[in-house]
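Asks: Sequence:
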Amino acid sequence: MKGPLFYSKILLFGEYGIIKDSKGLSIPYNFYKGALKTDENPSQEAIRSNESLQRFVAYLKDIDAELVTFDIETLTQHVNAGMYFDSSIPQGYGVGSSGALVAAIYDKYAFDKITVLENLTREKLLKLKAIFSEMESFFHGKSSGLDPLNSYLSIPILINSKDHIEATGIPAQQTDGKGAVFLLDSGIIGETAPMVRIFMENMKQEGFRSMLKDQFIKHTDACVDDFLKGDVKSLFKNTKQLSKVVLNHFKPMIPKQFHELWKKGIETNEYYLKLCGSGGGGYILGFTQDIDRAKQSLKDYKLEVVYNF
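Letter by letter, the sequence shown follows residues 550 to 858 of our numbering.
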């Protein structure tokens, strides 16, 4: 048995900001994927995944039935028979490993599910987001539901605010373009929950709150608009500002050994770094107007290009 594939995602803009109603833009990233599977001779990893699924099933039994109901009987049978999530999506890297799993379970076992083929009204998108938020909270403590939404629909999602999300198109890639968005591997696994806790603690301070509104959200919103319009010049100007704000105010979310590298990008304009997901490790997102220069400058690190301008 093997279920359909669900892909990883990249939140290009909006990490932390969307908690406070900034804009956000999330795109599917087909390089990593996962599917539900059952094997005759499961590996250690498959056994661990299956144990996690058993705990997840127990959690799903108690989800508000007004929101969503599952075929728990079949799901339990399949999990007891050794079903696991076979995934190439790295965990703790900010590319949505739990989101893909949540999407796969909803797709296969939810009753009255909203499908990708129907007319996805704003109401339906918000309902899906609410369901996924509730489901994914099992893994993160608090989830926006956006990762599973992206994985489930496999189309770019534009977040205008908490209550206003829509499927969107993004400008076609220029395969021969020199500009690029890339992932930089920090080599460290990041934990979402502790990072979100630090952010929530900081939110208690007046100064941090006004910085978030006047600088972080302002530049995030501008980046989203620039990216969708294809205004590359303005996009890089705003990404540079965003990179600075993150370096100054989100230091705990940036692994220590990357502080200097982050600063170097801003000073040389060779690349600008930003958080990918909650930070603390995993991938760091990079933007550059000249990918060859950036690769040269970051030659000691593993780089993956995800989008070309």
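Everything labelled a hint here was simulated from the structure, so no lab data went into it. Every residue, glycine too, gets a C-beta built ideally from N, C-alpha and C. Heads up, some of the hints might be wrong.
[To be verified] In silico DSS-like pairs for lysine-lysine, Cα to Cα no more than 30 Å straight-line:
(1) Lys657 x Lys727
(2) Lys812 x Lys848
(3) Lys851 x Lys727
(4) Lys782 x Lys691
[As the list claims (entries may be wrong)] Simulated DEER-style distance windows between Cβ atoms:
(5) His808 x Lys662: 39 to 49 Å
(6) Lys800 x Ala716: 47 to 57 Å
(7) Leu616 x Gln593: 45 to 55 Å
(8) Gln593 x Gly756: 14 to 24 Å
(9) Lys813 x Thr618: 31 to 41 Å
(10) Ser710 x Thr618: 21 to 31 Å
(11) Glu600 x Gln845: 41 to 51 Å
(12) Asp588 x Gly756: 35 to 45 Å
Asks: Holds or violated: 35 to 45 Å for the Cβ distance of aspartate 588 and glycine 756?
Replies: Check failed, 53 Å falls outside 35 to 45 Å.
Asks: Just to be sure I understand the hint, the distance between the Cβ atoms of lysine 800 and alanine 716 should be within 47 to 57 Å; is that true here?
Replies: Given a distance of about 35 Å, which is not inside 47 to 57 Å, the answer is violated.
Asks: With 39 to 49 Å as the target window, see if histidine 808 and lysine 662 comply at their CB atoms.
Replies: holds, 45 Å
Asks: Given the hint that lysine 851 pairs with lysine 727, does the C-alpha gap stay at or below 30 Å?
Replies: Holds: lysine 851 and lysine 727 sit about 18 Å apart, inside 30 Å.
Asks: Is it true that the CA of lysine 782 sits at most 30 Å from the CA of lysine 691?
Replies: violated, 36 Å
Asks: Just to be careful, I want the Cα atoms of lysine 812 and lysine 848 compared with a cutoff of 30 Å; is the pair within it?
Replies: Holds, at about 17 Å.
Asks: Is it true that the C-beta distance of leucine 616 to glutamine 593 lies inside 45 to 55 Å, as the hint says?
Replies: 35 Å Cβ-Cβ, so the 45 to 55 Å window is violated.
Asks: Quick check: does the Cβ-Cβ distance between glutamate 600 and glutamine 845 fall within 41 to 51 Å?
Replies: Holds, at about 45 Å.
Asks: Determine whether the Cβ-Cβ distance between glutamine 593 and glycine 756 falls within the hinted range of 14 to 24 Å.
Replies: violated, 48 Å
Asks: Is it true that the CA of lysine 657 sits at most 30 Å from the CA of lysine 727?
Replies: violated, 41 Å
Asks: Check the following: the C-beta atoms of serine 710 and threonine 618 are separated by a distance inside 21 to 31 Å.
Replies: Given about 29 Å between the Cβ atoms, the range holds.
Asks: Is the hinted range of 31 to 41 Å satisfied by the C-beta distance from lysine 813 to threonine 618?
Replies: For threonine 618 against lysine 813, whose Cβ atoms are near 52 Å apart, the range 31 to 41 Å is violated.
In this structure, the hints that do not hold are numbers 1, 4, 6, 7, 8, 9, 12, in rising order.
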